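There are 2 protein chains.
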Amino acid sequence: MTMTPTSATGTTVADIGERALVDRITRRLPQPAWVVVGPGDDAAVIEPERGTLDVLTTDALVEGVHFDRRFVPPEAIGHRALAVNLSDLAAMGARPRAALLSLALPAAFEVADLDRLLDGLLALAASERVAVVGGNITRSPGPLMVDLTATGSVKRRRVLTRAGARAGDDVYVTGTLGDAAVGLLSLAREPSGPALAPRGAMSAAEARYLRPEPRVRAGVLLGQQKVASACIDLSDGLADGVRRIAEASGVGITIRADDLPFGPDVRTWFASEPARMLDTTLRGGDDYELLFTCSPRARGRLRGVTALLGGLPITRIGTVTKGRDTRVRTPADDLPMPEGFAHFG
Amino acid sequence: MTMTPTSATGTTVADIGERALVDRITRRLPQPAWVVVGPGDDAAVIEPERGTLDVLTTDALVEGVHFDRRFVPPEAIGHRALAVNLSDLAAMGARPRAALLSLALPAAFEVADLDRLLDGLLALAASERVAVVGGNITRSPGPLMVDLTATGSVKRRRVLTRAGARAGDDVYVTGTLGDAAVGLLSLAREPSGPALAPRGAMSAAEARYLRPEPRVRAGVLLGQQKVASACIDLSDGLADGVRRIAEASGVGITIRADDLPFGPDVRTWFASEPARMLDTTLRGGDDYELLFTCSPRARGRLRGVTALLGGLPITRIGTVTKGRDTRVRTPADDLPMPEGFAHFG
Numbered sequence: 001m002t003m004t005p006t007s008a009t010g011t012t013v014a015d016i017g018e019r020a021l022v023d024r025i026t027r028r029l030p031q032p033a034w035v036v037v038g039p040g041d042d043a044a045v046i047e048p049e050r051g052t053l054d055v056l057t058t059d060a061l062v063e064g065v066h067f068d069r070r071f072v073p074p075e076a077i078g079h080r081a082l083a084v085n086l087s088d089l090a091a092m093g094a095r096p097r098a099a100l101l102s103l104a105l106p107a108a109f110e111v112a113d114l115d116r117l118l119d120g121l122l123a124l125a126a127s128e129r130v131a132v133v134g135g136n137i138t139r140s141p142g143p144l145m146v147d148l149t150a151t152g153s154v155k156r157r158r159v160l161t162r163a164g165a166r167a168g169d170d171v172y173v174t175g176t177l178g179d180a181a182v183g184l185l186s187l188a189r190e191p192s193g194p195a196l197a198p199r200g201a202m203s204a205a206e207a208r209y210l211r212p213e214p215r216v217r218a219g220v221l222l223g224q225q226k227v228a229s230a231c232i233d234l235s236d237g238l239a240d241g242v243r244r245i246a247e248a249s250g251v252g253i254t255i256r257a258d259d260l261p262f263g264p265d266v267r268t269w270f271a272s273e274p275a276r277m278l279d280t281t282l283r284g285g286d287d288y289e290l291l292f293t294c295s296p297r298a299r300g301r302l303r304g305v306t307a308l309l310g311g312l313p314i315t316r317i318g319t320v321t322k323g324r325d326t327r328v329r330t331p332a333d334d335l336p337m338p339e340g341f342a343h344f345g
Numbered sequence: 346m347t348m349t350p351t352s353a354t355g356t357t358v359a360d361i362g363e364r365a366l367v368d369r370i371t372r373r374l375p376q377p378a379w380v381v382v383g384p385g386d387d388a389a390v391i392e393p394e395r396g397t398l399d400v401l402t403t404d405a406l407v408e409g410v411h412f413d414r415r416f417v418p419p420e421a422i423g424h425r426a427l428a429v430n431l432s433d434l435a436a437m438g439a440r441p442r443a444a445l446l447s448l449a450l451p452a453a454f455e456v457a458d459l460d461r462l463l464d465g466l467l468a469l470a471a472s473e474r475v476a477v478v479g480g481n482i483t484r485s486p487g488p489l490m491v492d493l494t495a496t497g498s499v500k501r502r503r504v505l506t507r508a509g510a511r512a513g514d515d516v517y518v519t520g521t522l523g524d525a526a527v528g529l530l531s532l533a534r535e536p537s538g539p540a541l542a543p544r545g546a547m548s549a550a551e552a553r554y555l556r557p558e559p560r561v562r563a564g565v566l567l568g569q570q571k572v573a574s575a576c577i578d579l580s581d582g583l584a585d586g587v588r589r590i591a592e593a594s595g596v597g598i599t600i601r602a603d604d605l606p607f608g609p610d611v612r613t614w615f616a617s618e619p620a621r622m623l624d625t626t627l628r629g630g631d632d633y634e635l636l637f638t639c640s641p642r643a644r645g646r647l648r649g650v651t652a653l654l655g656g657l658p659i660t661r662i663g664t665v666t667k668g669r670d671t672r673v674r675t676p677a678d679d680l681p682m683p684e685g686f687a688h689f690g
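Going down the list, the protein sequences come from chains D and F. So the first sequence is numbered by my numbering: it starts at 1 and just counts up by one. So the second sequence is numbered by my numbering: it starts at 346 and just counts up by one.
It should be emphasised that the hints constitute simulated quantities derived from the structure, not laboratory data. Predicted model only: the values in this text are computed from it and were never measured. A couple of the hints might just be wrong.
[Said to hold, decoys possible] If you want a taste of the chain D side facing chain F, the calculated C-beta under 8 Å gives, among others:
# : residue
1 : 55
2 : 140
3 : 187
4 : 188
5 : 277
[Unchecked claim] Some residues of chain D that are not near chain F, with every Cβ distance over 12 Å (derived):
#  : residue
6  : 19
7  : 94
8  : 129
9  : 275
10 : 306
[Claimed, not checked] Ranges between beta-carbon positions, derived for each pair:
#  : chain 1 : residue 1 : chain 2 : residue 2 : range
11 : D       : 274       : F       : 392       : 30 to 38 Å
12 : D       : 69        : F       : 655       : 35 to 43 Å
13 : F       : 547       : D       : 20        : 52 to 60 Å
14 : F       : 676       : D       : 64        : 37 to 45 Å
15 : F       : 661       : D       : 126       : 42 to 50 Å
16 : F       : 365       : D       : 51        : 19 to 27 Å
17 : F       : 545       : D       : 126       : 54 to 62 Å
18 : D       : 123       : F       : 656       : 19 to 27 Å
19 : D       : 20        : F       : 661       : 53 to 61 Å
20 : D       : 69        : F       : 604       : 30 to 38 Å
Glycine included, each C-beta is placed from N, C-alpha and C at the ideal position.
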């Protein structure tokens, strides 16, 4: 990225003004051929492929609610703003296509930090081939807010929703769980836990919190290959995801605690506290893995998808049941599913 | 609208929690047949008509920047959040289709006010046949923010941009100008001006500020009938709109001050100050009229559109010129176009 003289540390957004800010962002946005009108006009115009559906999602990151600028660098804020939206598209089986970026910036927000925020966002956009086709920029008299809307496309019969789980289906999750929650505890240094990485290095858990990797390819394949009967992304924790699939599908779900794929840093952090490890993993948000259900008849197709995904583990963690109960089975006990993270109250 | 017991005055969003808030909003959103997956899943899925383009826009309203809750009621905030986005679509010639609503709410924001905000937004959505197909809700540690993304559709050869103006085209504007700026002055009571309406009644100018009417039908017709060579909506004032069309089209524009369609309240407010009237009308934002250029060959088609629009006046206010100068001609003088409203600095 080329730095212009105005991006020197200390320059605020108020110093350079709105038009310069918009130009600064706009000129960094590559526009593929299916973008008919890109940034700079009243709205963006895209032409999706024929026969496919447009999928739309929006998610806001608010300073003091979703991130703490004391330990979350601007690149991570930008990465995360796009990642959480791509994760929503992945949970629908949609291939991401375009994004709109809406920024509310405190007047004292530094231009250098804006550049770094864009670095993080655009690196992920490039690697997932998402075009930022427009957006909006305004002043915030309070916190920094980054609101991103993403669109994607999916064939009509390949859409994944939360509503298709049936009794007898198995429950699976991609990747590992609990890493982001432990990463946040470690970054916030409260309570002080064990060292997860050598001094000055970033632990795997911290990296997971700062740069969640949306499971775009997994979501697309789970839909394309008709593997998943229901799917959700774990933005608000496993307990929340389990409850929501159960509610939307009108089923119960039992999760087996011993089968959960805890991340390695999670086991280190909670070495002497298995109960807290389970609770944090169930309730902690920000994992951005996919939780999905799969009928026993689709197991062969699931093996095919697992092979295509290579390094990403997919773990069977439970069963869809009749009734409406969501439960966690441990070797000692059979517990009701805890509540997930609440944004209010 | 049915009020539930929890909407009693004094209940805050923190009191009822996120899930109840989402349900409260979601159950009020009608979903037309082309919505494949509506609110409540990870993302919305819509199926646009074949052969048409999807147009996307997003715009945020921030308390303390775009509105003052002391004199802007919640209904007006909701109306405006959608109106400003529909105005952007209109400026592209696009018919609005779907919207995503992203809310950042202070914990003490009252649920009754949230209901009223939705009243204003959904009344406009119903009258313009826009479906709210999804969104996001989060807590704000600072001001209320309402970020809305709207999508619309337009045929490929009917898209209006800012870039098509040619020397010799005429410049037109819909409706009247300056009303919203005077309405804001009157509502904010600074400086104290003349009474525009009987005590206790709302003046036309105040109504224009609080409930701008997006020129959706005009925009669609100007594109469909191939009338406008360039088009923009006047969100940031006439001077800003003129400059942006000139820049994007690589032309100059001269506006004739005597031909501007000042609103009646504007003439009353500035009765003894014609210079301030002109300056406020050029620089004042929030009119949300359409500014467009039209080649002399398209004048017949413009008359047809004017007839179809019935009561909405369309006024010729200037000319597109060679060079890059933007100017205002008064009987006494020929002035450079002033700067528009700046969001930063």
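Hints, verified against the model:
1. About 5 Å separates the beta-carbon of residue 55(D) from the nearest beta-carbon of chain F, less than 8 Å, and the hint is met.
2. Below 8 Å, beta-carbon pairs count as interface contacts, and residue 140(D) has one with chain F at about 6 Å; its hint therefore holds.
3. Restraint check, residue 187(D) versus chain F: the minimum CB separation of about 19 Å is more than 8 Å; hint violated.
4. Interface hint status for residue 188(D): violated, as the beta-carbon distance to the closest one in chain F is roughly 17 Å, over 8 Å.
5. Restraint check, residue 277(D) versus chain F: the minimum CB separation of about 26 Å is more than 8 Å; hint violated.
6. In this structure residue 19(D) is not separated from chain F by more than 12 Å, as the shortest Cβ-Cβ distance comes to only about 8 Å.
7. At the 12 Å boundary, the C-beta of residue 94(D) falls inside the reach of chain F, the nearest C-beta of that chain being 7 Å off.
8. The Cβ of residue 129(D) sits about 17 Å from the closest Cβ of chain F, beyond the 12 Å cut-off, so the non-interface label holds.
9. No beta-carbon of chain F is positioned within 12 Å of the beta-carbon of residue 275(D); the least distance is around 26 Å.
10. Every beta carbon of chain F lies more than 12 Å from that of residue 306(D), the smallest distance being close to 22 Å; the non-interface claim holds.
11. Checking the proposed 30 to 38 Å range against residue 274(D) and residue 392(F) shows it is violated: the Cβ atoms sit about 48 Å from each other.
12. Under the hint 35 to 43 Å, the C-beta atoms of residue 69(D) and residue 655(F), about 53 Å apart, miss the expected range.
13. At about 38 Å, the CB distance of residue 547(F) to residue 20(D) disagrees with the hint of 52 to 60 Å.
14. For residue 676(F) and residue 64(D), the Cβ-Cβ distance of about 55 Å falls outside the hinted range of 37 to 45 Å, so the restraint is violated.
15. Taken as a hint, the range 42 to 50 Å holds for the pair residue 661(F) and residue 126(D), whose Cβ atoms sit roughly 46 Å apart.
16. The hinted window of 19 to 27 Å between residue 365(F) and residue 51(D) is violated, with their beta carbons roughly 39 Å apart.
17. The hinted window of 54 to 62 Å between residue 545(F) and residue 126(D) holds, with their beta carbons roughly 58 Å apart.
18. Evaluation of the 19 to 27 Å hint for residue 123(D) and residue 656(F) yields a failure: the beta carbon distance comes to about 52 Å.
19. Between residue 20(D) and residue 661(F), the C-beta spacing of about 34 Å breaks the proposed range 53 to 61 Å.
20. Between residue 69(D) and residue 604(F) the C-beta distance comes to about 51 Å, which lies outside the given range of 30 to 38 Å.
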